[in-house]
Amino acid sequence: MATRKILTIKLEIEVNEKVTRHSRIRDTYTEVVGAAIAAARAQMPTDSIEQVTTQARWEYRHWDPAPVVHPKGVFDEGEDFSDDDFVFEEEV
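Letter by letter, the sequence shown follows residues 35 to 126 in my numbering.
What the hints contain is simulated information worked out from the structure, not anything from laboratory work.
One should not assume that every hint holds.
[As the list claims (entries may be wrong)] Cβ-Cβ distance ranges computed for the label pairs, FRET-style:
no.	residue 1	residue 2	range
1	R58	G107	36 to 44 angstroms
2	G68	M35	28 to 36 angstroms
3	A70	E93	25 to 33 angstroms
4	I40	A72	29 to 37 angstroms
5	T42	K106	33 to 41 angstroms
6	G68	H104	18 to 26 angstroms
Model, not experiment: these values are computed from the prediction.
C-beta atoms are modelled at their ideal positions from N, C-alpha and C, and glycine is treated no differently.
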């Protein structure tokens, strides 16, 4: 199996649920994907794009996680934890 170069770009658009209809989200997705493919074709050498895969997901978030940043690609292993370090809550 050959190794493949894959460019992955993630774009999240947070919308106001009360005023944003599904059709607008669908149309926005279509426009964004079309613009991204056009930009890739404009910048990449001719015939270099083998495949473009798109995926859309609608989700409701009740929390806003901070992105984890690894400066210069250095991954800090962090501390080792044992089971004793965690408090497990039982459902009632």
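Okay, the hints, checked on the actual structure:
no.: 1; hint: R58 x G107: 36 to 44 angstroms; verdict: 38 angstroms, holds
no.: 2; hint: G68 x M35: 28 to 36 angstroms; verdict: 31 angstroms, holds
no.: 3; hint: A70 x E93: 25 to 33 angstroms; verdict: 20 angstroms, violated
no.: 4; hint: I40 x A72: 29 to 37 angstroms; verdict: 19 angstroms, violated
no.: 5; hint: T42 x K106: 33 to 41 angstroms; verdict: 20 angstroms, violated
no.: 6; hint: G68 x H104: 18 to 26 angstroms; verdict: 32 angstroms, violated
In the structure shown, a violation is registered for the earlier hints numbered 3, 4, 5 and 6, in ascending order.
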